[in-house]
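Let chain A serve as the given structure and place chains B, C and D on it in line with the hints.
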Amino acid sequence: MIDKTVAGTAEAVAGIADGSTVMIGGFGRAGQPVELIDALIEQGAGDLTVVSNNAGNGDVGIAALLAEGRVRKVVCSFPRQHDSWVFDRLYRAGELELELVPQGNLAERIRAAGAGIGAFYSPTGVGTLLAEGKEERTIDGRRYLLEHPIRADVALVAAYRGDRWGNLVYRETARNFGPIMAAAATTTVVQVDELVELGALDPESVATPGIHVDRVVAVGYRPWIHEGRFVGGVDVNGAPLEQSPESSVAGAVR
Amino acid sequence: MIDKTVAGTAEAVAGIADGSTVMIGGFGRAGQPVELIDALIEQGAGDLTVVSNNAGNGDVGIAALLAEGRVRKVVCSFPRQHDSWVFDRLYRAGELELELVPQGNLAERIRAAGAGIGAFYSPTGVGTLLAEGKEERTIDGRRYLLEHPIRADVALVAAYRGDRWGNLVYRETARNFGPIMAAAATTTVVQVDELVELGALDPESVATPGIHVDRVVAVGYRPWIHEGRFVGGVDVNGAPLEQSPESSVAGAVR
Amino acid sequence: MTGLSRDELARRIAADIPEGAYVNLGIGAPTLVANHLPEDLEIVLHTENGLLGMGPAPEDGLIDPDLINAGKQAVTALPGAAYFHHADSFGMMRGGHLDICVLGAFQVSERGDLANWSTGEPGAIPAVGGAMDLAIGAKQVFVMTDLLTRDGASKLVAECTYPLTGVACVSRIYTGDAVFDVTPEGLRVREAFGEHTVASLEELTGLTLQAAAPELASAAEEEGGSR
Amino acid sequence: MTGLSRDELARRIAADIPEGAYVNLGIGAPTLVANHLPEDLEIVLHTENGLLGMGPAPEDGLIDPDLINAGKQAVTALPGAAYFHHADSFGMMRGGHLDICVLGAFQVSERGDLANWSTGEPGAIPAVGGAMDLAIGAKQVFVMTDLLTRDGASKLVAECTYPLTGVACVSRIYTGDAVFDVTPEGLRVREAFGEHTVASLEELTGLTLQAAAPELASAAEEEGGSR
Chain A
1 MIDKTVAGTA EAVAGIADGS TVMIGGFGRA GQPVELIDAL IEQGAGDLTV
51 VSNNAGNGDV GIAALLAEGR VRKVVCSFPR QHDSWVFDRL YRAGELELEL
101 VPQGNLAERI RAAGAGIGAF YSPTGVGTLL AEGKEERTID GRRYLLEHPI
151 RADVALVAAY RGDRWGNLVY RETARNFGPI MAAAATTTVV QVDELVELGA
201 LDPESVATPG IHVDRVVAVG YRPWIHEGRF VGGVDVNGAP LEQSPESSVA
251 GAVR
Chain B
1001 MIDKTVAGTA EAVAGIADGS TVMIGGFGRA GQPVELIDAL IEQGAGDLTV
1051 VSNNAGNGDV GIAALLAEGR VRKVVCSFPR QHDSWVFDRL YRAGELELEL
1101 VPQGNLAERI RAAGAGIGAF YSPTGVGTLL AEGKEERTID GRRYLLEHPI
1151 RADVALVAAY RGDRWGNLVY RETARNFGPI MAAAATTTVV QVDELVELGA
1201 LDPESVATPG IHVDRVVAVG YRPWIHEGRF VGGVDVNGAP LEQSPESSVA
1251 GAVR
Chain C
2001 MTGLSRDELA RRIAADIPEG AYVNLGIGAP TLVANHLPED LEIVLHTENG
2051 LLGMGPAPED GLIDPDLINA GKQAVTALPG AAYFHHADSF GMMRGGHLDI
2101 CVLGAFQVSE RGDLANWSTG EPGAIPAVGG AMDLAIGAKQ VFVMTDLLTR
2151 DGASKLVAEC TYPLTGVACV SRIYTGDAVF DVTPEGLRVR EAFGEHTVAS
2201 LEELTGLTLQ AAAPELASAA EEEGGSR
Chain D
3001 MTGLSRDELA RRIAADIPEG AYVNLGIGAP TLVANHLPED LEIVLHTENG
3051 LLGMGPAPED GLIDPDLINA GKQAVTALPG AAYFHHADSF GMMRGGHLDI
3101 CVLGAFQVSE RGDLANWSTG EPGAIPAVGG AMDLAIGAKQ VFVMTDLLTR
3151 DGASKLVAEC TYPLTGVACV SRIYTGDAVF DVTPEGLRVR EAFGEHTVAS
3201 LEELTGLTLQ AAAPELASAA EEEGGSR
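These protein sequence lines are chains A, B, C and D, in that order. Numbering-wise (my numbering), the first sequence opens with residue 1 and increments by one. Numbering-wise (my numbering), the second sequence opens with residue 1001 and increments by one. Numbering-wise (my numbering), the third sequence opens with residue 2001 and increments by one. Numbering-wise (my numbering), the fourth sequence opens with residue 3001 and increments by one.
The set of hints was computed from the structure by calculation and includes no laboratory data. There is no bait here: all hints are sound.
Looking from chain B toward chain C, a few residues come up when the C-beta cut is under 10 angstroms (computed):
| hint | residue |
| --- | --- |
| 1 | 1001 |
| 2 | 1002 |
| 3 | 1111 |
| 4 | 1164 |
| 5 | 1200 |
| 6 | 1201 |
| 7 | 1203 |
| 8 | 1207 |
| 9 | 1208 |
| 10 | 1210 |
| 11 | 1212 |
This one's a predicted model, so the numbers in the text were calculated from it and none came from an experiment. We treat Cβ as the ideally placed atom computed from N, Cα and C, and that holds for glycine.
Extracted from the complex, chain A is given alone in its bound form (with noise of 0.2 angstroms):
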């Protein structure tokens, strides 16, 4: 029987090695792995270079990592966001190497590394300052520039449901990075909402066959879910309104 899932976020990021290349998914706090970057940082690994679209919002998630001193080097396209403190006081301390991206050619050379991909052309960035040291070349009377892949030693990834084969399907936006990342991860490590049934996920839904996934984890429901329906009750972080829970739950009809 294959069974990718195990017990506990613990379990799920045993391994990791000083000195590898992380992949995280989410888009602001939106599909950002929280509970398995908060063991990853209980697991000790450090000198990592992240590689997400952001460098962290608030003090949870990506932002604790590096404030623990984990992270020598960020790969991302938008680190500076209004709740980026963090990673603007290790980047103003040259505490962190930046590597800046744009969203497209990152989302790109992250699909070209699970595609197997050598290098691909891409039209963005050209006669910027962000194409400096790039190859340009000129095809069809466009110019393009040459990116290269974006592989990771580990992917971590949230996903909203998954079964014991690592299929996964996300949630509306928070879908994101997870497919692509998982592609280009030596392992890939996912936590979803919840585990079910092989064979429960529709096979026409499954955004990320269990090909790309090397170990599962649940971890419960977000807390605007409740058993698998949209309750809302939070605010665009997801915490709590000051409203009581119930008359949130109650009200949630849409």
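Structure of chains B, C and D alone, referenced to chain A:
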């Protein structure tokens, strides 16, 4: 109101010009838009370049289009099949030009066209006859060929269900080239078994978002589907089995 | 000044978006355009974090942290929406499938070069996000900006001095003072608001401007917002 | 001859596929391997036309023309299956995610070059399908073939004379006479069936062969199929 639906297949293929490059979805007969191809034959456009995985089966669909002498060139991975007699005859008679492309390169080149990639390096075909004339480059010690996008004026695609915005879901392995061809053509024409209300398709399962679709026409359920449910009773080509249709439907519990 | 307010400008841009268009509204001021899209027209909004068919913000209590826009604000999904991953989403953009994208700007050059991601200040933390992809990705790139900086300098320039986001990528520039088309001959005044003329705009920008219609060469008779 | 039958060979290959492997069985003889995969082990079959978790052929009456394999035969989908489009499917292959792929061959060279798509005959209609992608895509490429052609020529050769499918891509060759590993030093006899020895195989192939174990250098004591 956005309404990409058209009343019939004739309207769906209207305006396809002589000399067009036409992508035709499908892998063998699965997902081949036979009703649209029939309409294209009726419509009369000629001197076409057809991009498709195969070059026709039996005497229907792409084979019929070839038999009518409408096609100048075929770009495909696997023309030779046990039932590709139409292609075989025309090719041997020197009446058809053939560009043979390994299947994965075909798929990736079509995807590249839709995704705005100027060109990409693929390891497939290195050192073979099909590498002739292609630029080779070694990246990180591995040999790759430079492959260019394949674009089309028109894509003809068969999907399972669609809505008036052009959102599509496919069925099983009939998905094959549909999503990538829909994105690679200037005008994408789709036949679906059934048109459904806007909002009826699960947004997590839409494999082709409407942005890639220009016209949708409903052609009715395949014989092996009854009121949206698989009933079987056909052979792999979709032809009814010799038993009576009633017993076939009744026996199709799985 | 007698030009358009920020909100009037958003309405003016919205009026140029036809039914059926696939549109990406960049973060910041361009998101205001959504408020002015006619409710009886179907215009499909794309957000590059993986959604076509984006709807307005949800009511409090119904915020869904899994459903956000590129500015990381809570949004909703309309009937007809579709979700996809980032590579597909930026493929949509890079592949030229979006009809219109509306972006902010620090500077736009006469050639349509866009600078909107970095002021190039030493010590500033760089962040580009999807700006460079958006700049080169849509069939038409609209810029929504003030004509002048707070210091009175023109944001329309002969050559951008800020780091570029994209080269020759802007189609049209909407400001509270006038609307400009980027043409091979330089900027053309498509429409002037208030009492602006080509001459007054040339004075503000220091650029040689073309006139789209003869009356713009003398005085703008039209009311702002009409077309 | 005292080697393995086609069916015994399929069983022999199946015995080398571990539980949990992601496997693509090429069209033709390799599809026989599926019949010998132990039912109590979960092995995930990939078919490049867009399915992981392929199951056996359906019963008559339950054939679904939308659900086929790469050979365009009707198949089924197991619980845990997933569908995807061709670019994703070949990305899976090219990206090295498949553990094993089993292919037929016209010729395999000592270096592991594979020729299996064209005999290069003038006038023949060329067709490559997914062969070149499969050849370079899996972590291990197993070839399933006869050692000799019908004319008695060795299919294992110093240099392929037929057009290549892939360069240095084959890991192991399964024939009814012996199993060979491709190594930097050339072909190594991993296992010999019947009365074959390295010497008898060298005679048949005209190649210098390595022996994986001392006993192979003299006489194969083991029963075919054991390991």
